[in-house]
Amino acid sequence: MIEVKNLVKRYGDKKAVNDISFTVEKGEILGFLGPNGAGKSTTMNMLTGYISSTSGSIKINGVDILEDPIKAKSNIGYLPEIPPLYVDMTVDGYLNFMYDLKKCKLSRKKHLEEICNLCKISHVRGRLIRNLSKGYKQRVGLAQALINNPPVLILDEPTVGLDPNQIIEIRTLIKKLGKNHTVILSSHILPEIQAVCDRIIIINKGVVAANGTAHEIAESITNQHKMTIRIEGKTHTKADKDEIVNAIKKIDGIKYVRADMEREKGIYDYDVETDGKTDIRRAINLMCRENDWNILMLQLSDLTLEDIFLKITVGDVVPEDAVSKPSPELDISVQDGELIAEEKLSLDKDKKGGEE
Amino acid sequence: MGAIYRREMGAFFTSGLAYVFLTVFTLLSGIFFFFGVIGSATSNMSSMFSSMFIIVLFLIPILTMKLMSEEKKNRTDQGLLTAPIGLWSIVLGKYFAALTLFVIAESVVFIYSIFIAVYGEVQWASLLGNYFAMLFLGAAFIAVGIFVSSLTENQMASAVASMLTLFVLYLFDSLASNIENETIQKAMLSLSFYSRYIEFTQGVFNLSSVVFFISAAFIFNFFTVRVLDKRRWS
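Protein chains in written order, with this note's numbering: chain L, 1 to 356; chain U, 1 to 234.
Please keep in mind that the hints were generated in silico from the structure rather than gathered at the bench. Errors might be hidden in some of the hints.
[As the list claims (entries may be wrong)] Below 30 Å or equal to it, Euclidean Cα-Cα: the simulated DSS-like pairs (lysine-lysine) are:
id : chain 1 : residue 1 : chain 2 : residue 2
1  : L       : K14       : U       : K72
2  : L       : K5        : U       : K230
3  : L       : K134      : L       : K175
4  : U       : K72       : L       : K105
[Stated by the list, open to error] Derived Cβ-Cβ restraints for the label pairs, each shown as a range:
id : chain 1 : residue 1 : chain 2 : residue 2 : range
5  : U       : L164      : L       : E113      : 47 to 53 Å
6  : L       : L118      : U       : D229      : 32 to 38 Å
7  : U       : F58       : L       : K103      : 34 to 40 Å
Note that beta-carbon positions come from the ideal geometry of N, C-alpha and C, so glycine has one too.
Construct the entire structure; sequences and hints are all you get.
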């Protein structure tokens, strides 16, 4: 459905997007995850033909966006980071305008009604967009993207600025849309991506850092499973502890076991690490039954998406690095009323050069 | 193109800009009509039309100032540029919306002709000649205004820059007379909007001038398309 090959976007010397390739199948919800400034929006802007790529190719539904932009764009519904709303129009006027702009052939009244119901904006159709709250503006933006029923939906941070209830609503809506549409969704909010997307692409510094399901990405980074188990022995003494540790060690697939703190009187937590292939939960259960011990708690401490994200985008080395490296010098300037702090890149480079 | 045309027409009226434009245009042309035509007891409206050149020069930038700049500022251009339409449709939709409003404003002269008809005879050939001359002039000026608007995100900057650009075009005649090199002088005079327009008000319907104004409109619209296109590549 969407085919991206060796996509590069260069702004002067800086490569905002550096050689990104991926494909999205029909009916898939793909999540773009990355820290601010990683190149998510730039990539999406290129996918929708708002900006052109420096090199590389994008095919939407088999149509190259540069060769036949009009045909390719007719397959896309796009909700940019800032919804492109004319605040001087009413919701109804705006949706009718977008309907005409997209040369939609579906029955006007019915189609717009359906979309408004889906996005829950039916009751504000007569109001000026200027007077709507941020959440409603976002929904009108989404409604606009849905006009003409495009097979591909590209949503840039669709839940930003919404309250928790609205976020859940929009997520449910996106899940629903994912059944009939191919969706690409960007976010820097991890639970959101995890909740909605079938597949995740993590973008960092303009390159694809990881591509797969949350589970696959986690596995590619680590091959161990960790869990914490709280087991109650019979005597509530330290003898219990040693006995239990020894028993756990005998289970197949265990790589490491260690008694942790005494959490309740005479009861200890045990940190267990496996080889990543064997599921030891049943074996542990069996062991406890045979010895007449009680499992009070069993907690898997696999890497969460959060851990993965940090691992990929910041790197494992950061703690040491942060200690040895002085905080970067900042160029602070005021631009358009916003305070902008930029790292003094050239200086930094010079220093590094000197050290080497 | 139709969708953008209708939206811009709607925006002109909901924002109130259309009313301001129409009022100011009618008021000023009315003054020139009263003193230049009624006051001099003539049925020839040419003097009003020649005085209106400078008014049109300052009014058209008001009409075009936000056409492109606001889109960029509010990021609504993202909606237009990712819609399945070409750049020419976007530019021409806006262009014809502004031109329509200008034609409506300009058509007030037909009301003036009623007053003349009451007291004398309307000189239709001269009136229509002048009417179309102003239409062609407006067509060219609007294209210039939209082009300048596409260069900035600030509508005030857009208005001031358009006025300056049009004013420089107006000054071409006086500038040319100070230049000794004959080729440059000739080139500048041939690019003069003012002398070509004034020629119409003197009763000469010069087809080459018509072609000149239409070409100017085309070229500046083309420049606007290029600006939009270039922004995607930068």
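message = K14 (chain L) and K72 (chain U) were given as a pair; does the straight-line alpha-carbon distance stay at or below 30 Å?
response = 23 Å, holds
request  = Determine whether the Cβ-Cβ distance between L118 (chain L) and D229 (chain U) falls within the hinted range of 32 to 38 Å.
outcome  = The hinted range 32 to 38 Å holds for L118 (chain L) and D229 (chain U), with Cβ atoms some 35 Å apart.
request  = Take the C-beta atom of F58 (chain U) and the C-beta atom of K103 (chain L), compute their distance, and say whether it sits inside 34 to 40 Å.
outcome  = The hinted range 34 to 40 Å holds for F58 (chain U) and K103 (chain L), with Cβ atoms some 38 Å apart.
ask   = Is K134 (chain L) close enough to K175 (chain L), meaning Cα to Cα at most 30 Å?
value = Given that 30 Å is the threshold and the Cα spacing comes to 22 Å, the pair holds.
key: Holds or violated: K5 (chain L) to K230 (chain U), with C-alpha atoms at most 30 Å apart   = 23 Å, holds
ask   = If you check the beta carbons of L164 (chain U) and E113 (chain L), does the distance land in 47 to 53 Å?
value = 49 Å, holds
inquiry  = Next pair to validate is K72 (chain U) with K105 (chain L); report whether the Cα-Cα distance is within 30 Å.
reply    = Distance of about 28 Å is within 30 Å: holds.
In summary, this structure violates none of the numbered hints.
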